[in-house]
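Make the full structure from the sequences, and use the hints.
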Amino acid sequence: MSEKHLVCQGAVCKCQFGTTPDKLKVKSQQVHYINDKDGAEKPLANTKDIGQPFEANTFGSCKQKNNNPCTPAVTAWSGFYDKVELPGGAHILLEDSKGTCATGGKDCISITFHGQTADMTKKDAEKADKEVQTHLNPLMDVQKVEEDLFLIRFPQGQPF
2 MSEKHLVCQG AVCKCQFGTT PDKLKVKSQQ VHYINDKDGA EKPLANTKDI GQPFEANTFG
62 SCKQKNNNPC TPAVTAWSGF YDKVELPGGA HILLEDSKGT CATGGKDCIS ITFHGQTADM
122 TKKDAEKADK EVQTHLNPLM DVQKVEEDLF LIRFPQGQPF
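Taking the working numbering, the leading residue of the sequence shown gets 2, the next gets one more, and so forth.
No lab work stands behind these hints, which were simulated from the structure alone.
All figures in this text were calculated on a predicted structure; none of them were measured in a lab.
Hints may contain errors.
Said to hold, decoys possible - No more than 25 Å apart at the CA atoms, straight line, and that leaves these computed lysine-lysine pairs for DSS-like:
#	residue 1	residue 2
1	Lys-26	Lys-64
2	Lys-84	Lys-66
3	Lys-64	Lys-124
4	Lys-28	Lys-84
5	Lys-5	Lys-107
6	Lys-107	Lys-49
7	Lys-128	Lys-38
8	Lys-99	Lys-84
9	Lys-5	Lys-49
10	Lys-107	Lys-124
Claimed, not checked - Taking CB as the label site, the calculated pair distances span:
#	residue 1	residue 2	range
11	Gln-144	Gly-52	50 to 56 Å
12	Thr-113	Ala-41	21 to 27 Å
13	Asp-39	Asp-142	42 to 48 Å
14	Lys-28	Ser-79	17 to 23 Å
15	Glu-148	Asp-83	47 to 53 Å
16	Met-141	Asn-58	39 to 45 Å
17	Asp-149	Ala-74	45 to 51 Å
18	Asp-149	Gly-89	44 to 50 Å
From the three backbone atoms N, C-alpha and C, an ideal C-beta is built for every residue, glycine too.
Listed below in structure tokens is the structure:
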């Protein structure tokens with residue numbers, strides 16, 4: 002699994018026969034989350050996300066249907082991470098997993114963005130090296146950021 006990202010809700014998918022991408026919406030489970038400190042927004046995508054697991058449920062117009070509206074119907078996923086099995090026999094999707102559509106055929110749906118995003122937390126800001134941050138972002142006032150974080154943590158101005 003080296004260097005491959007796990008897929009979560011919000012991943013961007015496209016069909017080779019469609020005209021627009023759509024975002025994956027995990028409907029199969031709401032227990033296992035990644036890239037989400039509160040465990041509320043990014044459930045893991047898996048092989049049980051079949052049928053119409055997309056937000057808009059369309060990839061635009063479909064070349065396989067003479068450019069009529071696409072209505073994707075995912076029947077299976079391939080290229081998943083088979084070393085971990087979720088409850089119910091599901092396997093986690095990877096960024097290079099492919100979906101099979103009842104209309105488009107085997108592996109016509111690909112994942113163009115895995116859905117994970119980097120979010121900076123207060124703890125990350127506190128741990129950041131001031132000198133390095135000054136060189137990376139000379140327009141940022143590191144001292145001001147630290148003062149703001151202190152006031153957020155201790156609104157009265159005293160930690161005691």
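Checked hints:
With a CA separation close to 24 Å, the supplied pair Lys-26 and Lys-64 stays within the 25 Å bound. About 37 Å separates the Cα atoms of Lys-84 and Lys-66, which puts this hinted pair outside 25 Å; it is violated. For the given pair, Lys-64 sits about 49 Å from Lys-124 by alpha-carbon distance, which is inconsistent with the 25 Å threshold. Restraint check for Lys-28 and Lys-84: the C-alpha separation of about 22 Å stays at or below 25 Å, so the hint holds.
For the suggested pair Lys-5 and Lys-107, the alpha carbons sit about 22 Å apart, so the restraint of at most 25 Å is met. Between Lys-107 and Lys-49 the CA atoms are separated by roughly 16 Å; this keeps the pair inside 25 Å, and the hint holds. Restraint check for Lys-128 and Lys-38: the C-alpha separation of about 18 Å stays at or below 25 Å, so the hint holds. A distance of roughly 17 Å separates the Cα atoms of Lys-99 and Lys-84; the hinted pair therefore holds under the 25 Å criterion.
Note on Lys-5 and Lys-49: the hinted pairing holds, with a Cα-Cα distance of about 20 Å set against a maximum of 25 Å. The hinted pair formed by Lys-107 and Lys-124 fails the criterion: a straight-line CA distance of about 45 Å is larger than 25 Å. Between Gln-144 and Gly-52 the Cβ separation comes to about 53 Å, which falls inside the hinted range of 50 to 56 Å. A hinted range of 21 to 27 Å for the beta carbons of Thr-113 and Ala-41 is consistent with their spacing of about 24 Å.
Here the CB-CB span from Asp-39 to Asp-142 is close to 29 Å, at odds with the stated 42 to 48 Å. Between Lys-28 and Ser-79 the Cβ separation comes to about 20 Å, which falls inside the hinted range of 17 to 23 Å. In this structure, Glu-148 and Asp-83 meet the distance hint of 47 to 53 Å, their C-beta atoms being roughly 50 Å apart. The supplied range of 39 to 45 Å is met by Met-141 and Asn-58, whose beta-carbon atoms lie about 42 Å from each other.
At roughly 50 Å, the beta carbons of Asp-149 and Ala-74 sit within the given window of 45 to 51 Å. Between Asp-149 and Gly-89 the beta carbons are some 45 Å apart, a value that agrees with the proposed interval 44 to 50 Å.
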